[in-house]
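Chains as they are written, first to last, in the numbering used here: chain A, 1 to 299; chain B, 300 to 445.
The hints are simulated quantities; they were obtained by calculation from the structure and are not laboratory data. Treat the hints with care, since some could be wrong.
Unchecked claim - Which residues of chain A face chain B? A partial, calculated answer using Cβ under 10 Å:
hint: 1; residue: Glu51
hint: 2; residue: Ala55
hint: 3; residue: Asp58
hint: 4; residue: Ser224
hint: 5; residue: Val226
hint: 6; residue: Ile253
hint: 7; residue: Thr256
hint: 8; residue: Gly261
hint: 9; residue: Leu262
hint: 10; residue: Gly265
Unchecked claim - Here are the computed distance ranges between Cβ atoms for each label pair:
hint: 11; chain 1: A; residue 1: Ser103; chain 2: B; residue 2: Thr398; range: 53 to 61 Å
hint: 12; chain 1: B; residue 1: Asp388; chain 2: A; residue 2: Ser66; range: 53 to 61 Å
hint: 13; chain 1: B; residue 1: Ala422; chain 2: A; residue 2: Thr133; range: 54 to 62 Å
hint: 14; chain 1: B; residue 1: Pro311; chain 2: A; residue 2: Ser152; range: 32 to 40 Å
hint: 15; chain 1: B; residue 1: Trp320; chain 2: A; residue 2: Glu153; range: 50 to 58 Å
hint: 16; chain 1: B; residue 1: Ser335; chain 2: A; residue 2: Asp275; range: 46 to 54 Å
hint: 17; chain 1: A; residue 1: Thr199; chain 2: B; residue 2: Thr398; range: 24 to 32 Å
What the hints assert, rightly or not - The following residues of chain A were derived to be distant from chain B, with all beta-carbon distances above 12 Å:
hint: 18; residue: Thr40
hint: 19; residue: Arg54
hint: 20; residue: Arg86
hint: 21; residue: Arg124
hint: 22; residue: Ile154
hint: 23; residue: Thr221
hint: 24; residue: Ile257
Here a beta-carbon is modelled for each residue, glycine too, at the ideal position from N, C-alpha and C.
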Amino acid sequence: MPQHETGGAPGTPAHEVRDFLRRRSEEIAQRWADEPLFRTVFTVSREEAVEAGRAVVDALARVADSQRVEDPDAAGFTAVREQLARMGAARSRAGLSTTQVASELAALRPPVDKLLVADLERERPESLRECSTALTVLMGTLRLVAMQTALSEIQALTDRQRLQLLEVATPVIKLWDGIVAVPLIGTLDSARSQVVMETLLNAVVDQHARFAILDITGVPTVDSLVAQHLMKTVAAVRLMGAECVVSGIRPAIAQTIVHLGLDLGTVRTRAGLADALAHCLDELGANIVAAAPGGADRK
Amino acid sequence: MDTAAGVGTRLPIRSDMDLVWVRQHVRQAAAELGFSLVDQTKLVTAASELARNTLVHGGGGEMEASHVAAGGNRGLRLTFSDTGPGIDDLDRALSDGYTSGGGLGMGLGGARRLVHEFTVETAPGSGTSVRVTSWVSRPPRPREDV
Chain A
1 MPQHETGGAP GTPAHEVRDF LRRRSEEIAQ RWADEPLFRT VFTVSREEAV EAGRAVVDAL
61 ARVADSQRVE DPDAAGFTAV REQLARMGAA RSRAGLSTTQ VASELAALRP PVDKLLVADL
121 ERERPESLRE CSTALTVLMG TLRLVAMQTA LSEIQALTDR QRLQLLEVAT PVIKLWDGIV
181 AVPLIGTLDS ARSQVVMETL LNAVVDQHAR FAILDITGVP TVDSLVAQHL MKTVAAVRLM
241 GAECVVSGIR PAIAQTIVHL GLDLGTVRTR AGLADALAHC LDELGANIVA AAPGGADRK
Chain B
300 MDTAAGVGTR LPIRSDMDLV WVRQHVRQAA AELGFSLVDQ TKLVTAASEL ARNTLVHGGG
360 GEMEASHVAA GGNRGLRLTF SDTGPGIDDL DRALSDGYTS GGGLGMGLGG ARRLVHEFTV
420 ETAPGSGTSV RVTSWVSRPP RPREDV
């Protein structure tokens, strides 16, 4: 059973490395503090960088202790995972590519290797070589852990952004006295169409609107579910005493709706937003005319 | 006889997010094959309907997309499969206006009208697999009119 005390149970290269790491922890941390990765991330004080370095050395020693130098899932890494992620993220923010971050991580190995060689130069050449190999593997695993952590951070960010994208605010725009419009962009799923319906109905009340225009120019696919959402929104607007016009029906969408067999006969539709606005103005009895030379102004 | 060219891409259908990805993938694949904008839109819409069926009625599954070629004509084949309860009465499921999920009941029948070839394999209790194929330019019509 491997012991936790320094110097306990030497023998395997991994344990030699563990003992070496514990013995030289301070020197390694000091040298790392001068490496770009630590120096540029921990800018407040050198002591902070050394502290961070010590934590990493400690984690490496624990991994070596468990004899799992090639295992990125080794329990020893858990303690520094968050710190490595922060360091990686800081470097990415500074504009470094993933490859550059990886090579900065790789630069941590030579100083440690030098110390190891100096420490074990009186050992047999084979045992030095074995220890050096174990250390190399261990540092490679550290690199892998850091990159893995950075990747999962990116994944989490992507997931958050996808959620945000689905919740993009749906603005209701007042086009004219009594006419409001909602430009729909992206996927119209149940959750978003609920948001659209609520904001639109509120706008109809607030603006005393008689016409509401739903513009679907920015909706890439109109399938039966999207059509159902549209029809429900139209019906709800109608219940509020306003008329709803769906605009932005592109030729490809129109053909698809016909083939799909959807009946939008009850919904007033127009090809473009301008057509829809013209229709609403017409119904309101408002006309837009070109300014006469005499200087007539709008209604 | 048509041959499948290239390895099929498999996309999981487990959530609403996956539906977005399915649509984007189909649109891109169709555009790369040279589908016209109308045909792209039709195929994407059909894929959207079928993927939603896979998710809502089949409890999730996957879509496999592959290129097919026949007599110099290229096409895109999409297979939606799930291991859900299957379809009891296929004729009724294909008829317009029939729904078991609170929708408009246009999904399956509508999707059939949007593609060139359409086959369903299903049995109660053993899942459903819907395979659709669309060609860049319409081939001699092998299917009966609907």
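Do the hints match the structure? See the list:
no.	hint	result
1	Glu51	violated, 41 Å
2	Ala55	violated, 37 Å
3	Asp58	violated, 40 Å
4	Ser224	holds, 4 Å
5	Val226	holds, 8 Å
6	Ile253	holds, 6 Å
7	Thr256	holds, 5 Å
8	Gly261	holds, 5 Å
9	Leu262	holds, 6 Å
10	Gly265	violated, 14 Å
11	A:Ser103 - B:Thr398: 53 to 61 Å	holds, 58 Å
12	B:Asp388 - A:Ser66: 53 to 61 Å	holds, 60 Å
13	B:Ala422 - A:Thr133: 54 to 62 Å	holds, 58 Å
14	B:Pro311 - A:Ser152: 32 to 40 Å	violated, 19 Å
15	B:Trp320 - A:Glu153: 50 to 58 Å	violated, 21 Å
16	B:Ser335 - A:Asp275: 46 to 54 Å	violated, 25 Å
17	A:Thr199 - B:Thr398: 24 to 32 Å	holds, 28 Å
18	Thr40	holds, 36 Å
19	Arg54	holds, 42 Å
20	Arg86	holds, 28 Å
21	Arg124	holds, 52 Å
22	Ile154	holds, 17 Å
23	Thr221	violated, 5 Å
24	Ile257	violated, 9 Å
When held up to the earlier numbered hints, the structure conflicts with 1, 2, 3, 10, 14, 15, 16, 23 and 24 and fits the remainder.
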